[in-house]
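Participant: Chain by chain, the residues run as shown.
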Amino acid sequence: MTAYLADVAALTRKDLLVELRSRDTVPAMLLFVVGGLVVFHFALADDSSRLASAGMLWIALLFTALLALVRSFVAERDEAVIDGLLLAPCDRSAIWLGKTLSVVAFLALAELVALPAFALFYEPVTWELVAGVALANIGIAAVGTLLGAMAAAARARELLLPLLFMPLAIPLIVGGVGATLAEDPGRYLGFLALYDLIFAILSWASFEYVVTE
Amino acid sequence: MIRARGLGRRFGDKRVLAGLDLDVGSRELLLVTGPNGSGKTTLLRLIAGLIVPTAGEIEVDADRAHIGFLAHEPLVYRELTPLENLELYGRLYRIPERRERIGMLLERFGLWDARHESTAALSRGMLQRLALCRTLLHDPELVLLDEPFTSLDAAGSELLLDELTDDARRTIVVASHQPERLGDRPTSRLALAAT
Amino acid sequence: MSTSLRNNGAALLSVLAAGLLVAGFALAFFWAPEARGDPAFRIFYLHVPVALTAYAAFGWGGWKALRLLWTREERYDLESYVAIHMGVIFGLLALVTGSVWARYTWGVWWTWDERQLVLFLVLFLFYSAYFMLRFSTPPGPRRARTSAVYALFGVALIPVSFLAIRLAERYIHPVVLTRDPKIENEMLVSFFVCLAGMLVLAGALYLVELSGKRADARLRELRELLT
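Protein chains in written order, with numbering that gives the first Met the number 0: chain A, 0 to 212; chain B, 0 to 194; chain C, 0 to 226.
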C-alpha cells in the first residue's frame, strides 16, 4: 500500500514538475477560461439572470478542462515516454491516479482565477458553488484521464477526447449548475459525489486495460 | 529465460511476426538482425511485455522489475533534468540506495556534469547515454537493446560494450543493424526476414 | 457456435420474430381497447418495446465487453460491437418513434420534458462516440479492450444519466406535459407480445450481422495467409 502511494506521489510530482517547467497548460487554461467568460457576455443577450450566468460558468469550466485533458497525455504520447512508465513495476492504476491528481491541481489553479473573475463579471460566488466545482474537478479529472488514454491510441486524438467526454460530462453539468442554483444544493452535491465515486472507481479499475498495447 | 512458440503479432491487417520459435537461456547474448520492418522492435517489445502476442505464446522468466529495455526513443522527460529523470525511475523501480546508484551511473556514462541541465538541451549521443542509465538503473537480469549503437559515439559504444560484458550474470538481447560492433560476443543469433 | 447452426438460428429467430410482431400488433390494434387520454397511444406498442430492446442490446454489449476483459478472448469484441450496433439502431428508432408520439400527443417534434426521450438522446450520443472511437483506433487487442471499457462506462451511465435528468428538471422548471392513459390488462398482454417480438427480432439481426462480420474477418485472415 505504501509502495503504491509512493509510486503515485512520484508520478504526480513528475507531472507537476513537467508543467512547472514547460508552463504549457495552466497559463493557457487561465486565459481561456477568462476569455470564455468575456465572450459569453457578448453571446448572451441578457446575462443578468443568475440562471444564464451559472450555465455559462460551467460551460467555460468544462471546455477549459478539456483543454487540460487533451494536453495531459501529449508529452508521453508524442515520444512514447509512457512506455517508460509501463515498463516499470508499478501498478498501471497508479499512473492513472498520479495523472488524475495532477489534473485536479491544474483545474484548481485555473479556478482560482476563474471564480474571482466570475464574481467580478457576473454573480457572487457561494460556497455551494465552490464545493460543486471541487467535486466536479474530481469527476472531470478521473474520467478525462481514462478517456485521454483511450484517445491516445487513436488517430484524431484531440477531436476524439471531447467527443467521448461530452455525454459523460452531462451529469457533472447538472450537478454543478444545480449546486449553484437550486434551493437544495446539498442534493446536487451529493449527486456529484456519487458520480465521482462510481466513475473514479471504474476509471481506476479499467485504466490498465486501456493504456497497454 | 525466454521461450516463444509460434509467436506472431499483427497490427491491423499487417502481420509483422509469424510463427516464431525462440529459446534463450539465461546469461546468453542473443543478436537479432534483419532488415527494416522485419519485426525486431516488435519482438523486443513482446519480450518486454509492452505488447501482447496475437498468435502463439511467449514466456519470460523475469518480471518488469528485472527487465531493462533500451528502446528506440530514450523514454525520458524533456522538461526534467537527467538527475530528476533517474530519480523518478529510481523511485518507481524501488532501488535501494537510490542516490548512490544514480550518481554512479551518471558518472560511469559521463553525464555527471550535465545532471542538472534540461534534458531537452542534450545532444543525441548524451540522450542515448541517459537512456542507457535508465535501462541499467535497477540492475536488470534481462537487458533488451533496440539499436543501441545508432546514436552513440565511439566512446559511448565502448562504455556500452564494457557494461554488457562486465556483468556476466545478465541475459542480453540486442537488435542491431551493425552486428559487427558486437564482434563474437553473441552466443546465438536470430535473423528475421521481412514479411 | 458453428456457422450453419448460427445461420439456422438466425432464420428461426426471424420467423419467430415475424410471428410475434404480427401477432402483437394485431392484438394491439384489434383486441386491446383504445386508450382514453392519449390519442396517439398505439405508438406505445412500438416505441416502448423498441426502447427496451435498445437497453437490452446495450446491456448485452456490456456483458460481452466484461467477458472480453475477463478472458481476453478476441471473439467477444465482435459480439460486443454488434450488440451495441443493434442498440444504436434500435435507439435511433426509439428516438424517432418517441418524437412522432410527442408530435401527435402535444404537437411538438421534441420535448425536453419527456425523460425517457432525453435519456435516449444522451445514450445515443454516447454510443455514437463509441463508433467514433472504434473508427479512429487501429484494430487489435488494444481497440478491443478500449471499446469494452467504454461500453461498460455506457452501462454505468444509464442510471446516472437518468438521475441527472430528473435532477435537472428541478431547476429547469419544465412546462408540465402529461399523458395519463389507463392501462388495462389486454393492453399489457399485447404489449408483452410486441416486446417479445422486438427482442427476438433484435436477436435475429444480431446473429445475422455477427455471422456476416465473422465471415469478413475469416476472409481477411485467409487473404493475409495467402500473400
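Worth double-checking, as some hints may not be accurate.
Part of the chain B face toward chain C, derived, beta carbon under 10 Å [stated by the list, open to error]:
(1) Gly-11
(2) Asp-12
(3) Leu-136
(4) Arg-184
Calculated directly from the structure, the hints in this document are not laboratory data. Just so you know, even glycine gets a beta-carbon here, dropped at the ideal spot from N, CA and C.
Participant: Does each hint hold? Answer for all of them.
Facilitator: Hints versus structure:
1. Gly-11: holds (5 Å)
2. Asp-12: With a closest approach of 6 Å, the Asp-12 of chain B hint holds.
3. Leu-136: violated (28 Å)
4. Arg-184: Violated - the Cβ of Arg-184 of chain B stays beyond 10 Å from chain C, reaching only about 35 Å at its closest.
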